[in-house]
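Asks: Work the whole structure out from these sequences, hints included.
Chains A and B are the protein sequences, given in the same order.
If you read the first sequence in numbering that gives the first Met the number 0, its first letter stands for residue 0, the second for the next number, and so on.
If you read the second sequence in numbering that gives the first Met the number 0, its first letter stands for residue 0, the second for the next number, and so on.
Accuracy of the hints is not assured; some may be wrong.
[As the list claims (entries may be wrong)] Straight-line Cα separation of at most 27 Å, DSS-like style, residue types lysine-lysine; simulated pairs: (1) B:Lys-31 to B:Lys-45; (2) B:Lys-31 to A:Lys-631; (3) A:Lys-678 to B:Lys-45; (4) A:Lys-147 to B:Lys-31; (5) A:Lys-292 to A:Lys-232.
The set of hints was computed from the structure by calculation and includes no laboratory data.
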Amino acid sequence: MYALHKHEKIQKYLLTFDSICVNILCRYALRTQYVVFGRISERKDRLTMIHSIIKRDGRVVLYDQNKIAAAILKALEASGDGNAADAARVANDVQLELEGKFVDQAPNIESVQDAVERQLMNHGFNAAAKAYILYRANRTRAREANTKLMKTIDEITNIDARISDMKRDNANIDGNTAMGSMLQIGAAGAKAYNEMYLLRPEHAKAYREGDIHIHDFDFYSLTTTCCQTDIIKLFKDGFSTGHGYLREPQSIQSYAALAAIAIQSNQNDQHGGQSIPNFDYGMGEGVAKTYRKAFTRRLRDGVEDLLDLEDAEYTVTAVIADAEKTTGEVAKLQSSDAYIAAVVEGLTKAFKMDKATAEKLVKRAAERAYKKTDRDTKQAMEGFVHNLNTMHSRAGAQTPFSSINYGTDTSPEGRMVIKNILLALNDGMGHGETCIFPIHIFKVKEGVNYNETDPNYDLFRLSMQVSAKRLFPNYTFLDAPYNLQYYVPGRPETEVATMGCRTRVMGNVYDPTREISYSRGNLSFTSINLPRIAIESKGDEKVFFEKLLSMMELVAQQLLDRFEIQASKHIYNYPFLMGQGVWLDSDKLSIHDDLREVLKHGTLSIGFIGLAETLTALYGQHHGQSEEMQEKGKAILGFMRKFCDDKSQELKMNFSLLGTPAEGLSGRFIRMDQKRYGKIPGITDREYYTNSFHIPVWFPISAYDKIRLEAPYHALCNAGHISYVELDGDTAQNVEAFETIVRCMHDFGIGYGSINHPVDRDPVCGYVGIIGDVCPRCGRREGEEIPFERIEELKRKYPKMPAFQGIE
Amino acid sequence: MTIKSTNEKMGQGVGFERIRRITGYLVGTMDKWNDAKRAEERDRVKHSLTKNA
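Replies: Here you go:
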């Protein structure tokens with residue numbers, strides 16, 4: 000009777016299942032019913048029988064061994080491990096196990112699946128067991144993803160960002176605004192989809208469980224990280240933002256305005272930070288155009304005043320055109336003697352004046368044009384900084400994450416740009432606030448600005464005065480050997496430049512003739528939870544390196560999978576980045592080409608966090624504590640770098656090692672590891688893992704030693720690195736002390752560094768500096784009110800105080 | 000920012016802004032920092048300028 004019943008049931012399934020299932024079940028039924036039924040009939044005298052099972056939602060359904068056998072067969076077939084008869088044997092033992100365990104109650108689905116895993120392993124089908132576990136995990140993931148997504152969206156919708164840590168994952172997005180929330184909801188949906196459909200199960204597992212972190216995972220299927228925009232190339236003959244066409248700019252004001260628009264446009268095509276590598280060289284061209292026009296106008300005004308003429312424009316313009324023609328030059332901040340002489344001669348002829356008068360007119364015009372250009376440049380730079388701190392991108396959720404690099408252009412025009420961008424940064428925003436964006440990066444180079452006799456040394460000094468007040472600029476060091484190797488004097492594209500939090504792109508195994516910073520960037524990066532590997536290795540160095548190697552292989556594969564998605568895109572997916580030729584060689588693509596080849600100029604980066612905790616877990620101390628640990632630290636990162644270099648050579652793609660910025664990551668990994676391992680002293684007992692290769696922030700060390708110890712890791716982390724020195728406010732105000740530290744960084748071979756010090760501001764009286772408990776200017780404590788009379792008094796004393804717009 | 004004034008005085012409830020560098024960029028106020036980065040900022044020690052700490 001029982002056998003017949005089972006047979007009917009199989010028939011029923013045959014009728015209702017789709018063709019694949021039919022196939023499996025047919026084979027299963029034909030090959031195994033004898034075995035199954037034989038075993039069951041042998042055992043029908045047993046008292047306990049499994050009749051029903053409890054589903055996840057609590058419903059009780061009839062137990063059906065065929066379903067179990069079918070699932071087992073799928074696992075066996077997936078792994079090429081066994082056949083239908085094997086499936087039946089395992090299914091029988093699953094039933095035996097369940098009968099033994101569940102005497103008075105029905106088993107639930109989870110117990111049945113546990114039993115399947117165990118019995119597969121008992122029968123020696125290890126590969127099939129693994130396949131089954133992965134299948135199970137996938138199913139669980141799919142089930143949970145929906146619930147989790149809805150919960151996440153619920154939190155984004157209802158919880159204040161000040162309370163929700165999740166909404167403050169990225170400090171540059173205001174999770175309390177409508178567009179910020181919309182962006183976060185979109186990101187949550189994209190992440191859920193990407194994890195379910197785009198990741199291999201082993202990558203999804205490693206990501207979910209915190210072995211690795213896939214950065215910008217919400218953009219996994221959409222775009223790449225960042226790019227250095229060569230504004231000189233972009234501005235030539237004008238460009239389109241994707242929303243409208245802009246003519247080639249003709250003055251420093253429009254150069255600066257268009258530079259901000261370029262950053263904004265590209266920010267919408269990529270998910271990372273946007274950067275200009277040649278801000279001084281690029282804006283310098285705008286300065287030259289403004290000066291040239293100003294010189295003509297001032298000369299015209301001078302002639303008109305002197306000779307009492309109504310309109311001398313036509314003649315003066317003709318004189319200048321002639322001078323340009325004969326000398327092949329134009330009016331510049333420092334015009335050549337030949338050019339000046341040609342203009343003087345032209346004036347004497349055209350207006351029948353003596354040479355001395357003409358010389359005086361030209362001199363005055365040049366002085367006035369210089370002043371006007373300087374003023375215009377300052378205003379343009381102020382406008383640029385204001386724009387980047389107020390303009391919106393990415394549906395209004397963010398101000399553009401922008402960087403500008405400068406410091407090496409020694410032309411008078413470039414120098415005027417550098418001076419004025421520094422002054423604008425120094426002045427701050429409308430109420431004296433410190434500008435958050437762009438990130439300013441001053442490029443330090445011997446022979447250009449590093450030594451007292453260098454042409455831009457004065458600007459290097461100015462930069463330090465500003466940085467001591469405003470935290471920017473940061474410094475990048477072109478003399479570090481791994482930067483100097485690419486440097487060619489007179490070719491600014493060979494100067495290393497930084498973007499985003501620290502990204503650097505220079506070497507190029509895909510095209511060694513293009514080892515430049517311009518028009519390139521990072522494609523994607525994934526970070527490894529280094530401390531966990533160390534903890535799991537239990538002090539065994541050999542085990543550590545084996546585990547690290549296999550984790551790097553896993554990450555490399557995941558980066559390549561992501562690259563495949565990126566490579567299949569087209570120009571029209573990135574109307575600015577690719578459509579306007581911002582990315583290297585993208586101007587050679589046709590509308591039908593995919594982006595595969597041009598994207599290979601970019602980098603795939605493997606990052607890490609917590610070298611300090613890794614060393615402590617392996618050897619008991621970190622690299623700030625002994626020279627021996629420093630050697631161990633160099634060995635670990637050296638191993639990782641070699642992996643990247645080997646992978647690059649093997650695939651002719653740019654794999655690079657990154658000291659990950661790890662803003663959201665600093666807490667994510669350690670929270671998971673605390674759950675796994677508890678609070679291990681010196682390793683998991685804080686709320687964050689130490690950033691990249693840094694000496695722990697809490698460890699007392701001199702600035703000198705910190706720089707000395709961290710510098711060798713800059714050489715190894717070719718995808719990006721940064722070192723910080725923390726100064727108290729008083730020391731930071733001392734420019735000599737500040738310079739000592741910057742020079743120390745240069746001399747030890749730091750690639751990119753900055754000096755942190757407290758910058759506080761009282762919005763009520765506008766004081767900027769260090770504020771302890773009490774504001775040194777107005778004397779109030781946080782949250783306290785002060786009388787209007789006191790404000791009026793302070794206003795008289797400090798005329799530059801904010802105007803308090805918006806007081807109710 | 001809007002500063003409310005009451006009783007001929009102003010500044011009630013207005014805090015100080017404390018600008019800090021986060022992972023390479025600046026953040027205008029630490030309100031927007033996540034918990035882990037806040038803890039890290041709190042733990043930072045100053046570095047002396049002498050060669051031996």
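Asks: Run every hint past the structure and note whether it holds.
Replies: Consistency of the hints with the structure:
Restraint check for Lys-31 (chain B) and Lys-45 (chain B): satisfied, since their Cα atoms lie roughly 23 Å apart, inside the 27 Å limit. Pair hint Lys-31 (chain B) plus Lys-631 (chain A) does not hold up; C-alpha atoms about 36 Å apart against a cutoff of 27 Å. Distance restraint check for Lys-678 (chain A) and Lys-45 (chain B): the Cα-Cα separation of roughly 26 Å lies within the 27 Å cut-off, and the hinted pair is therefore satisfied. Only pairs whose Cα atoms come within 27 Å are accepted, and Lys-147 (chain A) paired with Lys-31 (chain B) is accepted, the gap being roughly 24 Å.
Annotation: proposed proximity of Lys-292 (chain A) to Lys-232 (chain A) holds, straight-line Cα distance about 22 Å (limit 27 Å).
Hint 2 from the earlier list is the only one contradicted by this structure; the remaining hints agree with it.
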